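> Sequence:
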Amino acid sequence: MLVFLLLSCCTNGEDPYRFYTWNVTYGDIYPLGVKQQGILINGQFPGPLIESVTNENLIINVFNSLDQPFLISWNGVQQRRNSWQDGVYGTNCPIPSGGNFTYTIQVKDQIGSYFYFPSLDLHKAAGGYGGLRIHSRSIIPVPFPPPAADYTILAGDWYNKNHTDLKAILDSGRELPFPDGLVINGRGANRYTFTVDQGKTYRFRISNVGIATSINFRIQGHKLLLVEVEGTHTLQNTYDSLDIHLGQSLSVLVTADQPARDYYIVASTRFTSQVLATTAVLHYSNSEVSISGPPPEGPTTQIDWSLEQARSIRKNLTASGPRPNPQGTYHYGLIKTTRTIRLASSASIINGKQRYAVNSVSFIPADTPLKLADYFNISGVFSLGIIPYAPTGGGAYLQTSVMAADHRSFVEIVFENPEDTVQSWHIDGHSFFVVGMDRGQWTPACRLAYNLRDTISRCTVQVYPKSWSAVYMAVDNVGMWNIRSENWSRQYLGQQFYLRVFSAANSWRDEYPIPRNALLCGRAIGRRTPPTGSH
2 MLVFLLLSCC TNGEDPYRFY TWNVTYGDIY PLGVKQQGIL INGQFPGPLI ESVTNENLII
62 NVFNSLDQPF LISWNGVQQR RNSWQDGVYG TNCPIPSGGN FTYTIQVKDQ IGSYFYFPSL
122 DLHKAAGGYG GLRIHSRSII PVPFPPPAAD YTILAGDWYN KNHTDLKAIL DSGRELPFPD
182 GLVINGRGAN RYTFTVDQGK TYRFRISNVG IATSINFRIQ GHKLLLVEVE GTHTLQNTYD
242 SLDIHLGQSL SVLVTADQPA RDYYIVASTR FTSQVLATTA VLHYSNSEVS ISGPPPEGPT
302 TQIDWSLEQA RSIRKNLTAS GPRPNPQGTY HYGLIKTTRT IRLASSASII NGKQRYAVNS
362 VSFIPADTPL KLADYFNISG VFSLGIIPYA PTGGGAYLQT SVMAADHRSF VEIVFENPED
422 TVQSWHIDGH SFFVVGMDRG QWTPACRLAY NLRDTISRCT VQVYPKSWSA VYMAVDNVGM
482 WNIRSENWSR QYLGQQFYLR VFSAANSWRD EYPIPRNALL CGRAIGRRTP PTGSH
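Be aware that the sequence shown starts at 2, since it is given in my numbering, and climbs by one per residue.
Some hints could be false.
With a straight-line Cα cutoff of 20 Å, these simulated EDC-like cross-link-like pairs (lysine to aspartate or glutamate) come out [stated by the list, open to error]:
hint : residue 1 : residue 2
1    : Lys-224   : Glu-309
2    : Lys-201   : Glu-309
3    : Lys-162   : Glu-289
4    : Lys-337   : Glu-413
5    : Lys-337   : Asp-477
Here are the simulated distance ranges between beta carbons [said to hold, decoys possible]:
hint : residue 1 : residue 2 : range
6    : Ser-349   : Gln-442   : 17 to 27 Å
7    : Arg-517   : Pro-146   : 37 to 47 Å
8    : Glu-176   : Arg-440   : 31 to 41 Å
Worth flagging that the hints you see were computed from the coordinates, not collected in a lab. Values in this document were obtained by computation on a predicted structure and should not be read as measured data. In this text, a Cβ means the ideal position worked out from N, Cα and C, and glycines have one as well.
With these hints in hand, go ahead and build the complete structure from the sequences.
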């Protein structure tokens, strides 16, 4: 009851609450058959599945029993007016070893498929991640019949090295080696089984939780009916396989309409010279035939095939989203943009070590979370304007980079990739409309080919090698928000920055006050948070 009273000011008391208590520990795991130290939540790897409904309040009390500081972030959960709960170092102090922190999250005006993960250092390479579902309210129609069951698939690359060894490689100035394999729900080839009844239809929510590679997902002998991407109901196109890039999530419907036997579920790497693959099993409940022979191969073509597939993923304009109105009622293509932000990635050697940069700035964490420094007016932690709004073409340098943005502006962001590897970009606290992507260099003339009617809205977008991707985004969430590469070594070595969305109104309508249980660290130690009921 005390926790409820302390936190109720930051949530809508009329909406239901779900309470979770998590204990984060180390434990022995064998994802690829090799014993290693994993990060477990309540003894589980992957961690517990979070089930929720639009507008519900999630109260998650996390106890850190590791020997290192720890943070959990909520990939795709927008944290409306509440960046205090984002769970990245730019906004939150880490939970100290032996300590705890209670996250207070309202899944406001959201539906869809997401995941959570540990955001500090290379913890994500040791586990600590899990699925997060936001279901539609019962009064909101969903544009497909209820499935017989709802399955979560957390797929991605995996290293046999301990996460501390991977961090040491990056700290020494070297790049990570190629991953050792792929896992599905924390297990290697054919070690995870999904059981289906013949003739029934099932929902599979698939997330790429890896740290290095895009994947292709497919199920032997079965079609994938795409129905949702990161909270947006899509046109229901049918695919043989789907590319899913780092940090991305989507939902497909699969009908068990084949002869009763077992079938391969396959994930394989994309855009890599060496192709890694792993499998799970789709088991018909009346099957007497096990899987045999080689699993089905994935697409052999690269950019053009994947690019055309990405362009085919479009919004269902007539379906309702989290609110009882069609998704097409928001005419994003008719809104005038107030600024164009061009973001170009680059690989650089700085002080003899491998680094990555955005518009020539390679991000270095400050000694104090940026959100706390902003709230307490602590000078010297960061400065606005360090990172330019367009590529400079100059050499890379180290800096704690923060970009200013006005609340309720509407911006065009162009992600430019001059490199030979596919990239994946994520923006915390917001979703955006992927209006265009193509090969080559972006120019203003590229706007003539933008999809301004029914493009998909999501929070993570891929940028193909030597290509660009453009998005429109309503800057409608006050706070300090991380914009980052989902390739975790690139993120760790500087390919990220923070977007400070500011409102002069200083109103709870725009942003909740600092939580009274906020952890303080760095130069914020000794500062006082507001007493109960103050603003």
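> Does each hint hold? Answer for all of them.
A quick look at each hint next to the structure:
{"no.": "1", "hint": "Lys-224 - Glu-309", "result": "holds, 18 Å"}
{"no.": "2", "hint": "Lys-201 - Glu-309", "result": "violated, 30 Å"}
{"no.": "3", "hint": "Lys-162 - Glu-289", "result": "violated, 38 Å"}
{"no.": "4", "hint": "Lys-337 - Glu-413", "result": "holds, 10 Å"}
{"no.": "5", "hint": "Lys-337 - Asp-477", "result": "holds, 15 Å"}
{"no.": "6", "hint": "Ser-349 - Gln-442: 17 to 27 Å", "result": "holds, 20 Å"}
{"no.": "7", "hint": "Arg-517 - Pro-146: 37 to 47 Å", "result": "holds, 45 Å"}
{"no.": "8", "hint": "Glu-176 - Arg-440: 31 to 41 Å", "result": "violated, 25 Å"}
Hint check: violations occur at hints 2, 3 and 8; the rest are consistent with the structure.
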